[in-house]
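Heads up: the sequence shown begins at 1 in the working numbering, then just goes up one per residue.
Treat the hints as calculated values from the structure; they're not laboratory data.
We treat Cβ as the ideally placed atom computed from N, Cα and C, and that holds for glycine.
Among the clues, some could well be false.
DSSO-like mimics (lysine-lysine), calculated; alpha carbons at most 27 Å apart, straight line [what the hints assert, rightly or not]:
#1 Lys-403 - Lys-434
#2 Lys-53 - Lys-79
#3 Lys-79 - Lys-113
#4 Lys-113 - Lys-80
#5 Lys-184 - Lys-83
#6 Lys-53 - Lys-403
#7 Lys-113 - Lys-83
Label pairs and their in silico Cβ distance ranges [what the hints assert, rightly or not]:
#8 Asp-38 - Gly-645: 40 to 48 Å
#9 Leu-549 - Arg-93: 34 to 42 Å
#10 Arg-93 - Pro-283: 44 to 52 Å
#11 Gly-281 - Pro-600: 46 to 54 Å
#12 Pro-119 - Ala-531: 37 to 45 Å
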Amino acid sequence: MPGIEIHIGCDIGGTFTDIVAQMGDGALHVRKVASTPDDPGEAVVAGLADLLKDVGASLSDVREVVHGTTVGSNTILQKKGAKTGLITTQGFRDILEIGRIRTPTMFDLTWEKPEPLVPRRHRLEVNERMGADGSVVRPLADADVIAAGQYLIDEGIEAVAICYINSCFNAAHERRTADILAEKFPQLLVTASCDVLPEMKEYERTSTTVVNAYLLAAMRRYLANLTRSLGEAGMTAPLLVVASSGGMMRVETASEIPVFAVGSGPAGGVMGAARLGQANGRPDAIAFDMGGTTAKASIIEDGAPMLTSEYEFRDGISTPSRFIKGGGYMLKVPAIDIAEVGAGGGSIAWIDDGGLLQVGPVSAGADPGPACYGRGNEQPTVTDANMVLGYLNPAGLAGGSLKIDMSLAEKAIMTHIGDPLGLDLVGAASGIRKIANVAMARAIRSVTVERGRDARDMGLMAFGGGGPVHAVEVAGLLGIREVIVPAMSGVFCSVGMLASDVEHNFVRSLLGPLAKTDPASFAAAVTSLRADGEARLRTDGFPDERITLFFSADLRYLGQSSELTIPFDPDAVLNDGFDGLAAAFTASYHDTFGYTNDEPAELVNIRLAARGIRENRLTFEGVEKHVVALDIPDGERSVWFPSVGAYATIPTRARTVVSSGAVTGPAILEAYDTTVVLPPGAVATSDGCGSLVISVPDSEMEQ
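Can you build the whole structure from these sequences, using the hints too?
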């Protein structure tokens, strides 16, 4: 197929790896393959080769691969990162334990503090000190650095984080330390905080730098192997990695600062939701992504995702809320504000010591997967419950490529849930589904109610393989009246990646009262940031006309320790002064906390998000006609609905039927990549951008 140009979006999840191919003529082809946890890149290469073969193309026709990965997050969760050491200023050895001196919940006596990624014996102090004004208080002792490096080598350390007090104002000592280690101990992987997070706040900077060092070996190994495998298969196109902020970065960047890609995969789906909201006139929505391992929620406001400059990565429900701290590993990096809970299709149902039914956070993952996959797992999962209740096709998933054994699902549910609790098969399966729904509603509340937003004022944009299966019931729990199911919803994170841009983030510390800020210093910081951003994007191959710069400032009231990030136009500030920026901060503070303060505003940092606009970025206007969908025959099957309280034989139809007219539930709408459940009374219509718009019936609100 000469002259063809193909752009690939690829998301590796805990259960499936999703691939979307955008052809030169706009046609979109999708493929779902089982993830390969031992070597995540194996599924990418095999699935991509299979998809391209079906469309008559080869890897040499691919122009770029946009890639979301869970390697970073899984490395932290599974504690499989590099053996890491820390070199810090004398007196700051215990900063990782001290943290913010908080616990996530005040009265939880069972809470255990996460073990630092660097044990205390591998955290070493050296004789040096910078002042808060950047002056040298105590020169760096090179001998201390050499001694620390030798000790860490003798201890088998693979990666070293360097974090000195006040290096955000003068990084000379960190630079010198990195040079010494590179010269004397070249086998060490070295990360200096000035290259990762040149900001004040010692704990946040230390934690972020340590996580980056911890991830270096795993991420470099993974990206190198994936790049090599694709190259050996015939691909010469660049590989881009999705950052936690929803932008993209080159492989070389991701290999140096992997901490910026810990939330890689989920960010793609939220970016896609934001682009879709801009196209279909729903700029305010809740992005709801349910995959095989977790469910995630995030807010879209005014057509853009809600961003945060820090979050904690931890087990259980993970939220970037500024009100819940101390329960995980602090990452002070730009990220989409996403709440995550362990309630996916593969989440295992179990009975706790008190005899209560629980779901997750442990997942059967891709291997062995739910019991109905027949790969050796005997524990019941959410997918098994949905299969028993009739929501999923018993003939197979992913277009029939994944065969199902219903008897194994029934046996797992009755053996581990039904019989011990004295429930019949339907009671046990529906109980599993209800608990999963409540857990997912909790994640949505954490990004709406806990942020001062009313979920009832927004639509629920549901995607992921399981999102449309549960969306209407979850919406009912929250009082949400409208559910939007995007085209290609089962692979929507990959779709969203194709709708994203390349992005690099930069920061300069400029601490002081906003009203007394020196305009010359402010202008110099803006000029320096602009130069860095433009230079990085030009290196990436972007001409000036496709470079866009977005400036923001971290502001707080004098005496506070937390900031709000406020966008600003640098030309307007430099021409008109700081009053407009102060007013914007006051308005944002009131919207966030419900009151304002009489204290003066204080400037902490200036930030830049430098974005390179991709020429072939996916847009959602008219996307429906470009989706190459498999033929799904009409049929019927027996499905159990809570509002009916019994099984009923209902029609199953291809989801594309909605483009010809409204469909009223009860009905099941099927596609290759997902299943949409319409309970009795729900009505699905088309939004003109390939999405289904479902009205939530009153019967769901009453449950």
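Next item on the list: Assess, step by step, whether the Cα of Lys-113 is no farther than 27 Å from the Cα of Lys-83, and give holds or violated.
Entry: Satisfied, since the Cα-Cα distance of roughly 20 Å is no more than 27 Å.
Quick check: does the Cβ-Cβ distance between Arg-93 and Pro-283 fall within 44 to 52 Å? Cβ of Arg-93 to Cβ of Pro-283: about 48 Å, so the range 44 to 52 Å holds.
Please work out if Lys-184 and Lys-83 have their alpha carbons no farther apart than 27 Å.
-> 19 Å, holds
- Message: Check the hint pairing Lys-113 with Lys-80 against an upper bound of 27 Å on the C-alpha distance.
- Response: 19 Å, holds
(message) Against the range 34 to 42 Å, how does the distance between the Cβ atoms of Leu-549 and Arg-93 compare: consistent or not?
(response) 39 Å, holds
Pairwise hint evaluation, Lys-434 against Lys-403, where the allowed Cα distance is 27 Å at most:
25 Å, holds
Return holds or violated for the Cβ distance of Asp-38 and Gly-645 against the range 40 to 48 Å. 44 Å, holds
query: Hey, Lys-53 versus Lys-403, does the alpha-carbon distance stay inside 27 Å?
result: Roughly 22 Å between the alpha carbons, so the hint for Lys-53 and Lys-403 holds.
> That 46 to 54 Å hint for Gly-281 and Pro-600 (C-beta), does it hold up?
Replying inline: 41 Å, violated
* Mind checking the hinted window 37 to 45 Å against the Cβ distance between Pro-119 and Ala-531? => 41 Å, holds
### Message
So if I understand the rule, the pair passes when the alpha-carbon distance is 27 Å or less; does Lys-53 with Lys-79 pass?
### Response
38 Å, violated
Are the Cα atoms of Lys-79 and Lys-113 separated by 27 Å or less? 15 Å, holds
Violated hints, listed in ascending order, are 2, 11; each of the other numbered hints is respected by the structure.
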